[in-house]
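Could you put the whole structure together from the sequences, leaning on the hints where they help?
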Amino acid sequence: MASPFFRSAIFRSTTAGLALGVLSCAADAQLYLFSMNGYGKVLANDTQFYSLPSDFDVRAGVAYVQEEEWIDQAILGPDQYHLRLDGLVYKNGVRLDPKLPLNDAYWFRIAVSPGGDVFALDYNGRTGQNGDVLYDLPSGSGKIFQDFLYHEGDKYALRNDGRIYRNASGTEVWDLPGDASTDSEQWISFFYDDAVDRIYCLRRDGIVRYVENGSAVDGEFVADLPDGTAPERYTKLIQDPANRRLFALRFDGALWTIDPTQSPAVTDIYTDYPGSGEEDQFFLAVNLVPGGEPLALRFDGKLYRGLVQDPVCELKGDRFRVLAATTTTPVATNVKSFKTVSSTYNTTCYPGDEIAFPILATDVNTENLIYALVSQPDGSTYNGASNPPTFSWMPTVEGSYTLEISVTDGIDNPKILKWKINVKAADTDPAKNKNPVFQKLKKVQGLVGVPIVIPLRAYDADGDTLTYTVGEMPQGMQFDPQTASIFWLPVVCTDKVTVEVFADDGSGKLVKGKIQIQVETPFWF
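Take the sequence shown: its letter number 460 is residue 1506 in our numbering, and every next letter is one higher.
It is worth saying that the hints were derived from the structure and are not from the lab.
The structure presented is a predicted model; accordingly, all values stated were derived computationally and were not measured.
One or more of the hints may lead you astray.
Said to hold, decoys possible - Now the in silico label distances, taken between C-beta atoms and shown as ranges: (1) Asn1149 with Pro1310: 43 to 51 Å; (2) Gly1260 with Gln1355: 42 to 50 Å; (3) Gln1355 with Lys1488: 47 to 55 Å; (4) Thr1228 with Asn1414: 34 to 42 Å; (5) Thr1228 with Val1496: 48 to 56 Å; (6) Pro1272 with Asp1125: 32 to 40 Å; (7) Pro1434 with Lys1362: 27 to 35 Å; (8) Gly1337 with Pro1223: 17 to 25 Å; (9) Gly1552 with Gly1495: 34 to 42 Å; (10) Gly1337 with Glu1413: 23 to 31 Å; (11) Ser1097 with Arg1212: 32 to 40 Å; (12) Thr1275 with Leu1353: 22 to 30 Å; (13) Gly1274 with Pro1310: 21 to 29 Å.
Virtual Cβ for every residue (Gly too), placed ideally from N, Cα, C.
Laid out in structure tokens, this is it:
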């Protein structure tokens, strides 16, 4: 018989495989991973947040309109800032004017003060603030700038030969041992350690030194990490402020740790993410989730976490250079507009067979969907007060029926959702057994952090009692045998999930169906 989801079922599931695609953080805190590629696609987790303007393109390995490539981002509280090579800056999806002037070098780094002043640095040392050039630091003869930071009113700029400048007038503060003409001896990355008022600096060959007020002009030695060929050189240095542990990332995905609180500093390989260090399989971006576990983003969009060697997320596109992790709800007033996504069942049953299902509709932009009943079969019940709304009915007469619900996000015109219900007499011929048929369900949109319930439903023309089993499920998903329903709280970077489901009419032959869920990040938390 067509089995309502109230019937008992057998629970069978495993959690291997898809569990690798899970990101989580502190309870009740929504995790946002902000990344951006060179074409201006800004992603929150794996959902497109903005599409910033750009005519930049790469065809057959040749870059066109290079100056319109997006290069850097800064996250300050709920605000997101993005920088294009030609000096254009966007805040929360809106252009900031005036635009920084483009001369003979691209703007490549952005930093934002707690008060919202936007600073930027170009490769030749020009430093800008809110669209105007403040000062010009010394460069030339292959000596270009590689990193930039803002700290408590001071602006620090790192040149590839090891010179570190603080603020205006070209005053050289420190001079680390380096050589701008030799790739392996170029300084590439630095950051400020607030706990001890030090700046830790990384050279491409793995040399790490720190500088501080009163230190020697060439700083103090910290560590010498293993390197080798060009793909085995280093690109980024970050710190876990909770324990002051440093992470140094190589182009090929090797991630090293340094404990600078020990004397001498203790170094160790953390992991070696898959990557050749060449073509599009190299790493430029590394960050930490709350709790200190590292995330590394490959140029081609593959995102790795912790010690797991499989990507937890595969972002669409390529040319990914930046990554930030935050639990602060972002400003989302100008994000991409998404349509409401709904999933409907096509249902077949027989007279006297009770059916029930939720109204599955979600919207990335808003949780305040407005539902209205348009039409329903006589004798059925629509509960618009539940979350989500539900429909239930025990038909008594054969025929074709339709449930119609209107749903809108309050902006677009209402969308009419239709559920076709076909009531047929059961086949009572005991000589023939007909296999059950799963009721087709359109792909469901799941939202990160929003619980979802999906009842399984199959029709059995013979009126046999059905039991259900499920195959491999992502971590956290559960199957309730009492209601034959899947329960899940989607997590970050799940992307697409397909769960195989099975129905058994007692003949021993399993009939297979599938539930498909596309996970997106909501912007209304």
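Evaluation of the provided hints:
1. The beta-carbon spacing between Asn1149 and Pro1310, approximately 44 Å, falls within the hinted interval of 43 to 51 Å.
2. Here the CB-CB span from Gly1260 to Gln1355 is close to 44 Å, well matched to the stated 42 to 50 Å.
3. Roughly 34 Å separates the CB atoms of Gln1355 and Lys1488, a value that falls outside the hinted 47 to 55 Å.
4. Separation of Thr1228 from Asn1414 is about 59 Å and departs from the stated range, judged on CB atoms against 34 to 42 Å.
5. Our hint of 48 to 56 Å for Thr1228 and Val1496 holds, since their Cβ atoms are close to 53 Å apart.
6. Restraint check, Pro1272 to Asp1125: a C-beta distance of roughly 39 Å satisfies the suggested window 32 to 40 Å.
7. The given range of 27 to 35 Å is respected by Pro1434 and Lys1362, whose C-beta atoms sit roughly 29 Å from each other.
8. A C-beta distance of roughly 36 Å is found between Gly1337 and Pro1223, which places it outside the suggested range of 17 to 25 Å.
9. The given range of 34 to 42 Å is respected by Gly1552 and Gly1495, whose C-beta atoms sit roughly 40 Å from each other.
10. In this structure the supplied range 23 to 31 Å holds for Gly1337 paired with Glu1413, their Cβ-Cβ distance being about 27 Å.
11. At about 37 Å, the CB distance of Ser1097 to Arg1212 agrees with the hint of 32 to 40 Å.
12. At roughly 25 Å, the beta-carbon separation of Thr1275 and Leu1353 lies within the given 22 to 30 Å, and the hint holds.
13. Range check, Gly1274 to Pro1310: about 22 Å between beta-carbon atoms, so the 21 to 29 Å window is met.
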